[in-house]
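Engineer: The lines below spell out each chain.
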Amino acid sequence: MNNRLRLLRAERGWSQAELAGRIDVSRQAVNAIETGKHDPSLSLAFRIAREFDLSIEQVFDGRDA
Amino acid sequence: MTSPETNTNPPLSGEDRLRRRRLRILVVWIITIGAGFLGGITFGLAASGVLSLSPLLFWTGLALLAVGLVAASLWFMRRVDEVEVIDNLWASFAGLLAHTLISAGWVAASARGLAPAPDVISVLLGTLAVTFVAYLGLKLRRRLG
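If you read the sequences in order, they're chains R and S. 1 is the number of the first residue of the first sequence in the working numbering; add one for each residue after it. 1 is the number of the first residue of the second sequence in the working numbering; add one for each residue after it.
No lab work stands behind these hints, which were simulated from the structure alone. You may find that some hints are simply not true.
As the list claims (entries may be wrong) - For lysine to aspartate or glutamate, the following EDC-like pairs were computed, each having C-alpha atoms within a straight-line distance of at most 16 Å:
1) K139(S) to E84(S)
2) K139(S) to D87(S)
3) K37(R) to E11(R)
4) K37(R) to E84(S)
5) K37(R) to D16(S)
6) K37(R) to D87(S)
7) K139(S) to E82(S)
Stated by the list, open to error - Computed far set for chain R versus chain S, every beta-carbon distance over 12 Å:
8) M1
9) E18
10) V25
11) S55
Said to hold, decoys possible - If you anchor each label on the Cβ, the simulated ranges turn out as follows:
12) F46(R) to S73(S): 23 to 31 Å
13) N2(R) to A104(S): 22 to 30 Å
14) R112(S) to D61(R): 56 to 64 Å
15) F93(S) to D61(R): 26 to 34 Å
Just so it is clear, CB atoms sit at the ideal spot from N, CA and C, and this is done for glycine as well.
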């Protein structure tokens with residue numbers, strides 16, 4: 001699934017590890033989501049969106065990567 | 001003035017939280033593997049007659065190991081993220097397939113006189129090896145991106 005995670009993270013100056021710690025997942029999980037190799041569950045997608053103060057649709061566009 | 005209940009520590013950064021999370025998981029891993037090794041060595045010594053283990057002690061030790069392993073596994077699977085759960089699921093599935101193929105294949109070969117009688121420890125080690133290699137492959141793929 002396409003997402004703007006890498007861009008949003010870069011805007012805030014966060015490393016993958018920083019975001020991973022904030023949403024309580026491993027760095028590999030952040031990398032897998034960013035590169036479209038893993039589609040997050042609904043609860044994780046909400047957690048990610050909340051961390052950026054955005055809606056899910058503003059982070060994920062629902063189309064396959 | 002600050003009240004004694006007020007937390008004056010600055011909030012942890014995401015990277016610090018990630019480090020703590022990794023450390024917690026590592027500690028549980030080390031304890032689980034250490035307990036497994038200790039149990040294996042104890043039971044091995046008892047089986048070879050070096051160590052005397054009464055039946056009560058044997059069953060108590062085995063029950064404690066089983067409860068500890070299940071508790072640590074449940075803690076681990078609830079604490080890790082969904083990507084880790086998926087990797088564990090695939091590795092376990094590979095292990096289950098390997099176990100089925102190795103044991104059924106070996107029994108069939110043995111029944112036809114093509115192989116010696118199946119050995120439980122060899123089947124177990126084969127299963128664990130395939131599970132471990134599958135898990136390692138998945139982790140390597142994630143690390144290499």
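Engineer: Each of the hints needs a verdict: does it hold here or not?
Structural biologist: Here is what the structure says about each hint:
1. Note on K139(S) and E84(S): the hinted pairing holds, with a Cα-Cα distance of about 9 Å set against a maximum of 16 Å.
2. With a C-alpha separation of about 8 Å, the suggested pairing of K139(S) with D87(S) holds against the 16 Å cut-off.
3. For the proposed pair K37(R) and E11(R), the alpha carbon gap of about 22 Å is over 16 Å, so the pair is violated.
4. Straight-line distance between C-alpha atoms of K37(R) and E84(S) comes to about 13 Å, which keeps the hinted pair within the 16 Å bound.
5. Pair hint K37(R) plus D16(S) does not hold up; C-alpha atoms about 26 Å apart against a cutoff of 16 Å.
6. Restraint check for K37(R) and D87(S): the C-alpha separation of about 13 Å stays at or below 16 Å, so the hint holds.
7. Note on K139(S) and E82(S): the hinted pairing holds, with a Cα-Cα distance of about 14 Å set against a maximum of 16 Å.
8. For M1(R), the requirement that its beta carbon stay farther than 12 Å from each beta carbon of chain S is met, with the minimum near 14 Å.
9. At the 12 Å boundary, the C-beta of E18(R) falls inside the reach of chain S, the nearest C-beta of that chain being 4 Å off.
10. Some Cβ of chain S comes within 12 Å of the Cβ of V25(R); the nearest lies about 4 Å off, and the non-interface call is violated.
11. Under the 12 Å C-beta cut-off, the non-interface status given to S55(R) relative to chain S holds; the minimum distance is some 21 Å.
12. F46(R) and S73(S) have their C-beta atoms about 27 Å apart, which keeps the hinted 23 to 31 Å range intact.
13. For N2(R) paired with A104(S), a C-beta distance near 44 Å fails the hint of 22 to 30 Å.
14. Roughly 58 Å separates the CB atoms of R112(S) and D61(R), a value that falls within the hinted 56 to 64 Å.
15. One distance hint, 26 to 34 Å for the beta-carbon pair F93(S) and D61(R), holds here, with the actual separation near 31 Å.
In this structure, the hints that do not hold are numbers 3, 5, 9, 10 and 13, in rising order.
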